[in-house]
Amino acid sequence: LGLGGPAQVLFNYLGRATEAQALPITGGDRHRQSPYAVEVNAWLDAETLRATFTLAEGVPDELTDHWLDALKQIANATAVRTAPVTPLQKGLYYQAQLTGSTGHYVAQSYFAFDRRLDPAALAEAMAYVIARHPVVGAGFTADDDGTPVQVLAAGRRVDVRTVVLSTDADVEELRARDRATGFDPGEPPLVRLTVVRLPDDRDGLLLSYHLLLWDGWSREIVLRDLFDAYQAVLDGDPLDPVPAAPSFEDHARALAARDASAAERFWAGHLTGLSGPTLLAGPAPTLSQDLPPALVRTLSAEDSERLRATAKAHGVTLNSVLTGAFGLLLGARTGRGDAVFGVTVSGREGEGLAEVVGVLLNTVPMWTRPRPGDTVAEYLSAVQADRVAAMEHEHLGLGEIQRAGGHDTLFDNLFVLQNFLDLDAFARMNARHGITAVRADDSTHYPFTWVVTPGDRLTVKLEYRYGDAGHAHRLLDDYLRVLGDLARSTGPLGALPGLAPAPAPGPRTDVGTDTVVDRFDRAADRHPERVALVADGRSMTFAALRDRSRAVAGVLAGRGIGPERTVGIAIPRSLDSIVALFAVLRTGAAYVPLELDHPDERINAIVADARPDVILTVGAVTPRLTGDLIELDRPLPPADPYVTFAPGDLARLRHPAYTIYTSGSTGRPKGVVTEYAGLTNMLINHQRRIFGPVLAEHGHRVFRIAHTVSFAFDMSWEELLWLADGHEVHICDEELRRDAPRLVEYCLAHRIDVINVTPTYAQQLVAEGLLDDPARRPPLVLLGGEAVTPALWRRLAETPGTAGYNLYGPTEYTINTLGVGTFECADPVVGVPIDNTDVYVLDQWLRPVPDGVPGELYVSGIGIARGYLGQPGQTAHRFVACPFGRPGMRMYRTGDLVARRPDGNLAYLGRTDQQVKIRGHRVEPGEVEAAFAAHPEVRFAAAVAQSDPQVDGAYRLAAYLVLAGSDLAAVAAEVGAGLPDHLRPTHYAQVDHIPLTVNGKADAKALPPARPLGALTTGGERGPATETETVVCEYFAEALDLDDDEVSAVSDFGALGGHSMLAVRLVGLLRREYGPVITIRDLLTLRTPEAIARHLDDHS
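Start counting the sequence shown at 1; every next residue gets the next number (the UniProt record's numbering).
Everything labelled a hint here was simulated from the structure, so no lab data went into it.
Possibly wrong hints are sitting among the right ones.
[As the list claims (entries may be wrong)] Pair ranges (Cβ atoms, derived):
| no. | residue 1 | residue 2 | range |
| --- | --- | --- | --- |
| 1 | Gly769 | Pro372 | 24 to 32 Å |
| 2 | Asp69 | Tyr955 | 34 to 42 Å |
| 3 | Ser489 | Gly186 | 21 to 29 Å |
| 4 | Asp1098 | Asp143 | 36 to 44 Å |
| 5 | Pro623 | Ala964 | 41 to 49 Å |
| 6 | Pro285 | Tyr955 | 22 to 30 Å |
| 7 | Pro35 | Asp184 | 32 to 40 Å |
| 8 | Pro285 | Asp69 | 50 to 58 Å |
| 9 | Gly965 | Ala696 | 36 to 44 Å |
| 10 | Asp1098 | Ala389 | 43 to 51 Å |
| 11 | His877 | Arg439 | 26 to 34 Å |
We put the CB at the ideal spot given by N, CA and C, even for glycine.
Using the sequences plus the hints, can you model the full thing?
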């Protein structure tokens, strides 16, 4: 436009108006030719500035863009404004709010220079960087809805301070103090520059900043611009602080405007079927808050090239090989086949984003699902395909991804492929500016962060906040081993070696050919007049038991009973119970115990399945039975006494000794067929490991043993084995054995030395005074059938003159597989293998797992059962080929989850098929029970998973407690304080006793309903006193599905059954009434209606 003459530009600001009101100032027809080359009419429509341009022919349209750009620069230079944050910034802001302005999320870079630095020039250079990249000077806060935003303003500067130090140690102390100072995100700038004056004309520069400002990719850009600007200031060259385009603000606004629904649907589908998070450090680890230690391994050039060649051979990226191997490592280290871990994505796929400074990085979950039959190529291709499918949806924040998948958390390992570093560019920059050394430190909040840097020699760095250096070394070594195995293999994944070495067979000892009854006969020959049995006020000597059992055996032999035949026993608990049992074993047949407390329907089903050749019984029971019966309370038919079967047969112990029935998953009882060899092996083991040590403590006197276990339970042999060692066994009748007070009274009155019960029943007996009298307490308490609580184990260990012994074993392996005494281990583990027994802790691919890693227990050895009677399919499923023994060797798959401790003992973790999921976490109720049982005021505890009516498909935990006079709320609070949220019961009931099944285990079906703890204590608490408190209490009740009178003004949200998912519901109700003045964090901090009402009154 030429100068002079009439004006060619007309600009009119019309104030507040609508488009209809904003007519061109020249008026009339909009299509009339304007007398101006450029006519602009601008107005404010609501909160939006609008403008129309009328341009003469020949005036370029780009003029409008120049005007908008100029407006933006003016706004940026003069106004404080807010902008959205990216997903990772949102997560970092949340973490920063939780931890406060300490040294968390602080990154530091320390540069050593060969020259002196000019602090003023550095300040000018940093001002230039902020002007070019405004996010460098940003602060952060939350808007009215509680959403994090970045706060940007022009003219922010970073003061450069100078300190004079003498030694490198002084520098390290400065760095530590500076890190600990931290940053408050709401008080920008979140950057500190410190010039360190050192001797010999050399300086250092400490750059500290909050991780909210920029990511690792941006670091190179910030440092390049800072040092280049610094040099320009020193040289007197002018700086032109033009904001970079596109800006990080533009990128953040574009991300915020994207529709998240498609990404949410993708992640919800992608994570379908995920059983829970992969937590290598456990659900509630204690993490170091210091800068985490780091271990670094550098691969050889040959190994690095092998990995690149593996990727090329399988048609995948190197990243797929690295993450695929990492998934295998985590799966093996956590005892599960699949694994979830975090991976970082650059977020710079869009045009022009490579030069943007800010946090474009994002963290998303990677879920690897290896299958043993897949080849390495198939597995790696699947890993890559999953990443490719997710790329379009990697802009969604991790919190949103977790919510879409229905999980509170997903992983505790972050895997970073650091492929953005241009080491040559850094080297040139350092040389150009006299930088002689650089040390950069930052960290994440994850327990484990892995950083892999490709190159001619690939490096792997592990930063760890959990565990010690030895644990970290093993982890890193294991990862490199998996990488190597993967690179060398092309076959199925199942053929890859595990992380633990193949187990070597344990030692074997010869058990001879004697049966348990043969050994009993020798004891009877030594002490024929010694009392062997006591029952119902009657007694029987060793000689009498020997002779009568031989007489009954003669009757059986006369009917053709012998090896590979079956005899039923249906006799009430009495002297003749043992007579019958020993008689059958003399013939070499197998006995089948029939539990007379069971309904006739079940007894008949067992008889029909076992098809005994004859049943030993008494007249009172005969009407309930069918078949060939021999009544032992009637005179026996004439027959010669029968001592023992096939005494010269070296294989005689390989015949079945008994068939005991257990519950079947199909509803049909399973008969477990067990051979004589296991019984003899058990006796020899017990004499060496249990009888001997305990008897030695008590002068090798004759012990009295209380027999309290059902004969239909293989655990009943624990008491009977003492007969073969010459001791006295008292057979407690049905009523006595189940009556805890009477049983304790009997044991004390008859000076019982050994009692064998389940841990649950043992706790009841201890509570009734079993151990109270030092002169009469039993020297030995045998425990089996279920997990032992720490409190019970500790009580037994601390009781002078008494030992506890934990005996673990499935029915499918003769009576016991593992064992340990209080005199051998301070913790209630399940112990080490018995004689002639091998145990294997294996993963889902039947590979040994490392010590400390959960795995399924498999057992093999002399005591393994033949299988399930008449059920070859079930037998093949549970009794599998043993890959660690001689050809044809079998092992039994127990279904029990265990972990091997460094001392060799196995710790029981629960059943593999009884896990429940509480808000995305896999939970073993036994772990909760153990926590409560460890409390000194808890006599008994049972934890039960119940369907949560508030959350479809979810479960909640209920705790049933028998207390020693303490307050339920106090105990729950004390124990709950030490439990992570998902292990903390939301509902409670105080009961007088824990109902037991016939086998002495807790009967969950017979327990009463449980209520939230807070609802049980409301009666003594004050009600709402203000209108706001009344409304908040009503919303508490609505969100938590409680009656109004179950919520008081001081009720605790968690104690009322609240958790994170219900917090979302409650906050929604409160916001609907009071607006966005309360957040979930407020709720979880304030917790009570009283405090929340006060907060609402103060902020509404």
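Note to self: When the structure is checked against the list of hints, which entries are broken? Sort them ascending.
What the structure shows: 1, 2, 3, 4, 7, 11
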